[in-house]
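Enquirer: Sequence:
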Amino acid sequence: MCKNAQKVFFSATYNEKTQNIIKKLCNDQVECNFTTNKLANNLKLYYVEVPRNITKKLELLNTLFKTLQLSALIVFCNSKKIVESVFSNLKNEGFPVSMIHGDATKDERDLVFNEFKKGSTKFLITTDLFSRGIDIPHVNLVINFDLPTDQFGTSEDIYNHRVGRTGRFNRPGFIIDFITGKEDLDRLIKIQTTQNKLSKMFTIDDLVNVMAEE
24 MCKNAQKVFF SATYNEKTQN IIKKLCNDQV ECNFTTNKLA NNLKLYYVEV
74 PRNITKKLEL LNTLFKTLQL SALIVFCNSK KIVESVFSNL KNEGFPVSMI
124 HGDATKDERD LVFNEFKKGS TKFLITTDLF SRGIDIPHVN LVINFDLPTD
174 QFGTSEDIYN HRVGRTGRFN RPGFIIDFIT GKEDLDRLIK IQTTQNKLSK
224 MFTIDDLVNV MAEE
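One gets this note's numbering by counting positions in the sequence shown from 1 and adding 23 to each.
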């Protein structure tokens, strides 16, 4: 590449790691930021405390699926193993559910995405593979079955991308975070404090009433 070539970089996440990469590639860079860390005002955030036990978390998830009026939702998990466990449980309960994670081929990913987009399946279980660059307007709920960790980036950035899958184009969007103890709650508060928005603790009846109003 010509030394005098002009280079333009775009990134949905502009963190320290991204900045360091750009500095290595460009000697004299100009930075333009068009977004802030604040979450959209049309997002309503809730959390629920649940035992650190996947069986109990699955029971709560089943209850939510049976109770809430949902057009489409995405459930985020932190590992392929958990994605498969959640998918199998919901499939056995008869829900129109699909899953996607890093072991899927490109053709499999495209098939799952297209089925979900056109509404053939209403519930998608996934890892952070599906947390970026996906615009499906009718998704009205995101559930963090597991809170994001710093394994593949900062948890604040990952959380922001996950919850950004709902509330697209200024539509109402709902977030539910499963909290399994004080450590989880402290981490959630830390994540959301950087984005100037905090979750409310909820009961299922509360959530049913709130979503019915939208």
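Worth double-checking, as some hints may not be accurate.
[To be verified] Listed below are the simulated EDC-like cross-link pairs for lysine to aspartate or glutamate, each with C-alpha atoms no more than 16 Å apart in a straight line:
1. Lys103 to Glu179
2. Lys114 to Glu82
3. Lys205 to Glu72
4. Lys220 to Glu179
5. Lys104 to Asp126
6. Lys223 to Asp207
7. Lys223 to Glu72
8. Lys104 to Asp151
9. Lys103 to Asp151
10. Lys89 to Asp126
[As the list claims (entries may be wrong)] Okay, the calculated beta carbon distance ranges per label pair:
11. Thr86 to Glu54: 44 to 54 Å
12. Leu134 to Val31: 40 to 50 Å
13. Val53 to Lys205: 40 to 50 Å
14. Val53 to Gly117: 48 to 58 Å
Keep in mind that the hints were calculated from the coordinates and are not lab data.
Each residue gets a CB set at the ideal place from its N, CA and C atoms; glycine is no exception.
Enquirer: Now look at each hint and say whether the structure bears it out.
Expert: Each hint, compared with the structure:
| no. | hint | verdict |
| --- | --- | --- |
| 1 | Lys103 to Glu179 | violated (21 Å) |
| 2 | Lys114 to Glu82 | holds (14 Å) |
| 3 | Lys205 to Glu72 | holds (9 Å) |
| 4 | Lys220 to Glu179 | holds (12 Å) |
| 5 | Lys104 to Asp126 | holds (11 Å) |
| 6 | Lys223 to Asp207 | holds (14 Å) |
| 7 | Lys223 to Glu72 | holds (11 Å) |
| 8 | Lys104 to Asp151 | holds (13 Å) |
| 9 | Lys103 to Asp151 | holds (10 Å) |
| 10 | Lys89 to Asp126 | violated (29 Å) |
| 11 | Thr86 to Glu54: 44 to 54 Å | holds (46 Å) |
| 12 | Leu134 to Val31: 40 to 50 Å | violated (33 Å) |
| 13 | Val53 to Lys205: 40 to 50 Å | holds (44 Å) |
| 14 | Val53 to Gly117: 48 to 58 Å | holds (55 Å) |
In summary, the structure is inconsistent with hints 1, 10, 12 from the numbered list given earlier, while agreeing with the others.
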